[in-house]
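J.: One-letter residues, chain by chain:
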Amino acid sequence: MAMKTRSAFTDLIAFFGALAVALAPYRRWLILGLVLLIVLPMPFVVKNFFVFQLTLAMVYAIAILGLNLLTGFNGQFSLGHSAFYAIGAYTAAILMDQYDVAYYWTLPIAGIICFVAGFLFGLPALRLEGIYLALATFALAVAMPQILKLSPFEHWTGGVQGIVILKPNAPFGLPLNPDQWLYYFTFAVMLALFLCAYNLVSSRTGRAIKAIRDNSIAAKAMGVNLSLYKSLTFGVSALYTGVAGALGGIVVQFVAPDSFTFALSVALFVGLVVGGVGSIAGALFGAWFVLFVPNIAEHVSKGLAGAVYGIMLILLIYLMPSGLAGLVRLVVMRFARASR
Amino acid sequence: MTRPALLEAKNICAYYGATQVLHGLDLSIAEGGITTLLGANGAGKTTMLRSVCGMVRATGEIRFRGRQIAGEATEDIVRLGIAHVPEGRGTFVRLTVEENLHLGAITRGGKAGIAADVERVFGYFPRLRERYRQQAGTLSGGEQQMLAIGRAMMLRPTLMLLDEPSFGLAPLIVQEVFTILKQMNEREKVSLFLVEQNAALALDLADHAYLLETGRVVMAGPARELREDENIRRAYLGY
Amino acid sequence: MELFLHQVLAGIATGGIYACMALAIVMIYQAIDHLNFAQGEMAMFSTFIAWQLIQWEVPYWAAFFITLAVSFAGGYLIERIIMKPIHNAPILSHVALFIALFAVINSLAGFIWEYQIKSFPSPFGTHSVLGEGLISAHDAGMTGVTVTLLVFLFLFFRYTRIGLAMRAAAANPESARLVGIRVEWMLALGWGMAASIGAVAGMLIAPVVFLEPNMMASILLYGFAGAVVGGLTSPGGAVIGGVLVGIIENLAGTFIPYVGSELKLSIALALIVFVLTVKPSGLFGRSVVHRV
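Protein chains in written order, with the working numbering: chain A, 1 to 340; chain B, 1 to 239; chain C, 1 to 292.
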């Protein structure tokens, strides 16, 4: 009798293995379908605060994707992305608060400004490798809140107090409250940006970018203009994180210097590693981790919240040293081998 | 064979991840002799060398002086008296020539012994004496190869494994190096196991040779015989 | 002029702190080839252990050396137990692990000893040396200890067999194995030593900035700044770099308008960026020759 159940069990595994292998080429569409199925009805199923959190998770996913483009795909280590996030957020806040610009226009403007900022930062960064680049970007992250608090800029930045923004209402009189509307809006933006990223990465430019990460000397020898591509990647990466920042500012309704400290850069970095370097879909998983796990940790133990978070992160890295994306790849490979 | 086997490998299968690269190799290296492993690129020569030192996942039996070493850690195998000059030389580029040589003797004490050994290395490679305090990464390819061999000599090994010592070197330098290897074998009584793509050179130097093709030994015998062999001459010696 | 001199000396004093931290950072870099963000927290935790021992009436120097030993063991164990499983993981995962360690140690310290600041005794006393409150005895003592440590480390790495073996293991683990070096032990030893040096830094710094779980955060930054400016491959450079950072930070704070205490940190970091752009391997670092 035991023999029969064992063979039925292995047959089942083999079946799922074969299914996974057959479906693997379409996995991106499957994930998309799954995501849509779960995402679309959410705002009507859960409480407003949770909708807000989900929206913020999507914002972080975009920011993490930005970091991934630079660090994951291009191999340039950045601990300074909180600065670009801050620039995006403040751009949106100032435009909406002082110049009455509509919220949807702030996104592209923030994107362009951050692209320029990123590109300009990327230029001197060309000379720096690995740990040195990390430190330079680190400096940027730490400096940003302090620059934002500087008195000569207070007229625009609102100094330590920051700026308060009003949440936009749903357009066309749709029966959605502001939180729900922002949820769908953010989702649309996220989807669009993810698709763009995916196209970029699969294109010739994307290949050049990845070649620089894998072996920059060889890439150069093959005619890839290192300076141009590295700075451009910095710019695009900053663009993504800047747009995320703008969205984030709108979602949170508030920007202040101390919201954009080095801790944010660390969170983005952790999100990158957890999701999987070089994985676009992983960014969402990473965002979830950095948004929700600290909350969970606090529930487990108020006094030792940090320790619990740290331990969970350690365990995650042990289980998935290459992030969730790495784990998925491993599983698919194992099934592929088993079903042969 | 009249001389006892120093290293015996039986049924070696080696893997890189899931890919099997060696399919049941049998090898035997005589004490005091020079053995060479020939084959084209990708035949598995480097993998064989790395299997001996425990640097790659392998199954099978490897006995050094009768003692089973398969499965042991690289650093423990090395301490038994096997020196490995790896592919790409493995020089400590940021350290000086002096430090590189001293590292060869790091597992034993005795300052006087080490100084004498360094002198002996200089005897074979006078150029290294000039470069003694230079950063190893600034040496030319040929000099780095000499440094790598010198470092291996500092271990006072019984067996020296060399992975493509002629790689990337000018023909004159290669001649120099191979002459020195022959001298080393005769004077220091170090057995050599040499992996080479340059079949002509290797067959001139060695006593005994193996030919590897896609992870399998296809020919074995005294070097003299392989050199005369029709097929080898056409495929590997070019005439 | 008087003010300038005073600020320079004050800068040297604070720079001594940064130099000490920078030394610990370079130490671990030499051993494991990357930077450990949790280093500051480990130093802080060690200092708390020393404080606890002193609270239990253990005399200062006994507490000092016990803490050094405990820190060494702690660093060794962290490497063997926590870092070992991810030895072959990509470097980004290592950095994430350091971040996790940071969080755990910081939180643990706060939980055990709480967040009120505590005073930590100095073995050198608080009176002034060189008269007129220019340099306190503690600052002088701290400089002395840092320099001694530096000399010790220099000699250790340059002239001892273990020092050479450690450098080799960090530089090229595979080649190190081929000469018989037990690379894993070297790594763990490096961590132990770095932890001990960090403990020294912490115990020297605490009398000045007061002991609390977040005391090392900005010190670590300045330490990184000093290490990078000096060159990550040079312990001497790290010390000089640390002192330089201290001096410049002080001068900037005094003489440049708008630079209040908040911006002092940014100045230090702007310095790093500047030095790195001009001389990517730091003032005293050895640039590595890359042969293709």
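If you're looking for bench data, these hints aren't it; they were derived computationally from the structure. Predicted, not measured: the structure shown is a model, and the values here were computed from it. One or more of the hints may lead you astray.
To be verified - Restricting the straight-line Cα-Cα distance to at most 25 Å, the calculated cross-link-like pairs of lysine-lysine (BS3-like) are:
{"#": "1", "chain 1": "B", "residue 1": "Lys111", "chain 2": "B", "residue 2": "Lys10"}
{"#": "2", "chain 1": "C", "residue 1": "Lys279", "chain 2": "A", "residue 2": "Lys220"}
{"#": "3", "chain 1": "A", "residue 1": "Lys47", "chain 2": "A", "residue 2": "Lys167"}
{"#": "4", "chain 1": "C", "residue 1": "Lys264", "chain 2": "A", "residue 2": "Lys302"}
Said to hold, decoys possible - Okay, the calculated bits of chain C under chain A, using three or more residues with CB under 8 Å as the criterion:
{"#": "5", "region": "6-14"}
{"#": "6", "region": "106-112"}
Cβ atoms here follow ideal geometry from the backbone N, Cα and C, with glycine treated the same way.
J.: Taken at face value, is the distance from the CA of Lys302(A) to the CA of Lys264(C) at most 25 Å?
T.: The given pair, whose Cα atoms are some 33 Å apart, is violated under the 25 Å limit.
J.: Are the Cα atoms of Lys111(B) and Lys10(B) separated by 25 Å or less?
T.: violated (39 Å)
J.: Given the hint that Lys47(A) pairs with Lys167(A), does the C-alpha gap stay at or below 25 Å?
T.: holds (18 Å)
J.: Can the region 106-112 of chain C be counted as covered by chain A under the rule of three residues or more with Cβ-Cβ separation shorter than 8 Å?
T.: As far as the region 106-112 of chain C goes, the hint holds, because 5 residues have Cβ atoms under 8 Å from chain A.
J.: With a cut-off of 8 Å between beta carbons, are at least three residues of the region 6-14 of chain C near chain A?
T.: violated (count 0)
J.: Given the hinted pair Lys279(C) and Lys220(A), is their Cα-Cα distance within 25 Å?
T.: Within the cut-off at roughly 22 Å; holds.
In this structure, the earlier hints numbered 1, 4 and 5 are contradicted, and the remaining ones agree with it.
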